[in-house]
Amino acid sequence: MAATVLIVDDHAGFRLSARRMLEADGFDVVGEAKDGREAIEATVRIRPEIVLLDVYLPDANGFDLATELSALPEPPAVVLTSSHDSEDFGDCLIASTARGFVPKGDLCGSAVAALVA
Amino acid sequence: MRATAYETSDAMALLRAEHSVARLLAEANELSTDYPDLLRGIGETLGWQVAAAWETDPDDPSRLIRVAFWHSPEIAAGPLEDLRACSAMPVGHGLPGRVWASGVPAWIVDVTIDPNFPRAEAARAAGLQSAFCFPILTDEGIAGALEFFTPEPRMPDDHLLATMANLGRQIGHFIERARAHTAMHASEARMRAILEAALDCVVTMDEHGCVVEFNPAAERTFGYVRDEIVGKEMAELIVPPRLRELHRRGLQRYLDGGEAVVLNRRIEITGMRADGVEFPVELAITRIPVEGAPMFTGYLRDITERKRAEQELRASRARIVEATDSERRRLERNLHDGAQQRLVALSLSLRLARTRMDEDPAAAADLLEESVAELAGATAELRELARGIHPAVLTDRGLDAALKAVAGRAPVPVEVTSTLTERLPAPVEAAVYFVVAEALTNVARYAEASSASVCIERGDSSVTVEVSDDGMGGADPSTGFGLRGLDDRVATLDGTLEVVSPSGEGTIVRAEIPCV
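Chains A and B supply the protein sequences, listed in that same order. FYI, my numbering numbers position 42 of the first sequence as 819, with every residue one higher than the one before it. FYI, my numbering numbers position 22 of the second sequence as 633, with every residue one higher than the one before it.
Chain A extracted, bound-state conformation:
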């Protein structure tokens, strides 16, 4: 069965590109959210297995949000993404509850699969 994914990003264009890429690679995109509040609400409602989460959201910091999501019952696997380099995040990435990080430009199904396996 295809893994279910919730895509969280404030940029509609990226949500579309990411959806197409993941669906082409066999994932089942079950929802989209454009800010932190919507992300929590959608996760509770839809219970996706994976959440693809942009680090820079208008109302939230991706790392804090990842921690919040991991506190939910049946927490999803969180994969962080950004147009910025992972270098820019310093120790936040290592300390985070997220499974890992994929730069937006390198996003593809196998990269996500490798992180959540």
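Careful: at least some of the hints might be erroneous.
[What the hints assert, rightly or not] Reference excerpt, derived from the structure (chain A facing chain B, CB under 10 angstroms, subset only):
#1 Gly790
#2 Phe791
#3 Ser794
#4 Ala795
#5 Arg797
#6 Met798
#7 Ala801
#8 Asp802
#9 His861
#10 Ser863
#11 Glu864
#12 Gly867
#13 Leu884
[Claimed, not checked] Label pairs and their in silico Cβ distance ranges:
#14 A:Leu849 <-> B:His947: 25 to 31 angstroms
#15 B:Gly1019 <-> A:Arg814: 39 to 45 angstroms
#16 B:Arg965 <-> A:Arg814: 34 to 40 angstroms
#17 B:Arg1056 <-> A:Asp805: 42 to 48 angstroms
The set of hints was computed from the structure by calculation and includes no laboratory data. Built from N, CA and C at the ideal position, the CB exists for glycine as well.
Take the given structure of chain A and dock chain B to it, following the hints.
Just chain B now, with coordinates in the frame of chain A:
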């Protein structure tokens, strides 16, 4: 034959002569006006009927000139004309000349037969026979000579000559004192003129801390009248109440032999005006190098203006740095949200197209089509961004071309007129460009205008730019960082920016920048 008896009448006459001279000198101001009085005083008391006073010619120290002539009423004036006519004599010649050369009094029993008396003929015509002459002596040498004549033959009188020699020294002292007095007066007058005219406050204080001097600049700065405060304590007048004890203790410590902490260096402190208002002051104090009790002079300057200017400079620099930082943040955001996102989407689309190429070529072709459009969009955004940083057309083709370009992008018609005939210095062109760009941005955002105009005028020593629109006016230049940043940019070039925006009547943004 010498006179050997010193007769009482002669002694009395000599005393009277001395008194007469002493009294005249005591009452005299300038010796030149009193020579006739001196000659008369001595001549009358001693019975010598004709007299003259001689001094060095100021233009020729080897010549003596006669500066005064007196004769007793007993002698007729007519026959004296020839004698009187001779009014100059070389040093060494004649009676005054020989006295000048020798420095001691001289006596001639019969001038008409004296070998060194050029005026012999004139004396004979005047009926004069005996004469004596004595020098007026100062520390610097002989200042003059007084000579006396009488028709009778008289023998040399040592007592008289001794008395006259004394008088010569007395008169000499008087002249010296008068000269020193004049020199001191002149020097004092010069110093006073300097103090009166000085821009800085010059204030002098004695060892009790009381005002001794207070120049006009100090009067103006502190609001006191000199004559009203001389003798009053300085601390009470110009030092703020909370600092007075410090001032007094400092003075006392110095007088007790302590170190001079505040002397001879520039200090910034607070002063106080007569009305109690405090203000910043730059101060330097020196001790006046005279003997006796110490006196101090303070040189003060009101630095309120300077402090205000420093403050404004710091504030303006901070604004400029903040504006630069803010601009960079804006750029970063624009790049991130705009072009960068598009390039990410492009990357995903192209990679997707690559994987779908074999199994679904039609889908791959659609993706490539999308990518082309996305790329064009990203390029356009980057171009716009670069224009915002610094428009290439301004550098390459100058102000007119750049302004027409920015006017062309405005949402309302903008008429551009310009009297420029040549390029301006780069900072001036940039300032004018950004004033117009920002003003037109505000027109697009707030003015609800139907048209606008941009007018550039080149004067002899400045360039003026005016952007006006027919919108709703009411613009407040203090809000909106855009106009504030322009203010700083224009002010850096010593220019001025003004905004006239009455409510309901449109807006005019006018900048004038000096430019030779």
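Results for each hint:
A distance limit of 10 angstroms between C-beta atoms decides the matter here; for Gly790 (chain A) the minimum to chain B is near 5 angstroms, and the interface restraint holds. This hint holds: Phe791 (chain A) has a C-beta 6 angstroms from the nearest C-beta of chain B, less than the 10 angstroms allowed. A least Cβ separation of about 4 angstroms between Ser794 (chain A) and chain B falls short of the 10 angstroms threshold, and the interface hint therefore holds. Nearest Cβ of chain B to the Cβ of Ala795 (chain A): about 7 angstroms, under the 10 angstroms cut. The hint holds.
Given the 10 angstroms rule on beta carbons, the hint for Arg797 (chain A) holds: about 6 angstroms separates it from the nearest Cβ of chain B. The beta carbon of Met798 (chain A) comes within 5 angstroms of a beta carbon in chain B, closer than 10 angstroms, and the hint placing it at the interface holds. With a cut of 10 angstroms, the hint placing Ala801 (chain A) at the interface with chain B holds, because the nearest CB-to-CB distance is about 6 angstroms. With a cut of 10 angstroms, the hint placing Asp802 (chain A) at the interface with chain B holds, because the nearest CB-to-CB distance is about 8 angstroms.
At a threshold of 10 angstroms, the smallest CB-CB gap from His861 (chain A) to chain B is about 8 angstroms, leaving the interface hint in force. Hint status for Ser863 (chain A) relative to chain B: violated, with the closest Cβ pair at about 15 angstroms, above 10 angstroms. A least Cβ separation of about 16 angstroms between Glu864 (chain A) and chain B goes past the 10 angstroms threshold, and the interface hint is therefore violated. Of the supplied interface hints, the one on Gly867 (chain A) is violated, with its beta-carbon coming no nearer than about 18 angstroms to a beta-carbon of chain B, more than 10 angstroms.
Taking 10 angstroms as the C-beta cut-off, the interface hint given for Leu884 (chain A) holds, the closest approach to chain B being about 6 angstroms. In this structure the supplied range 25 to 31 angstroms holds for Leu849 (chain A) paired with His947 (chain B), their Cβ-Cβ distance being about 30 angstroms. Against the hinted window of 39 to 45 angstroms, the Cβ-Cβ separation of Gly1019 (chain B) and Arg814 (chain A) comes to about 43 angstroms, which satisfies the hint. A C-beta distance of roughly 36 angstroms is found between Arg965 (chain B) and Arg814 (chain A), which places it inside the suggested range of 34 to 40 angstroms.
About 45 angstroms separates the C-beta atoms of Arg1056 (chain B) and Asp805 (chain A), a value consistent with the hinted range of 42 to 48 angstroms.
Of the numbered hints given earlier, the model fails hints 10, 11 and 12; all others are met.
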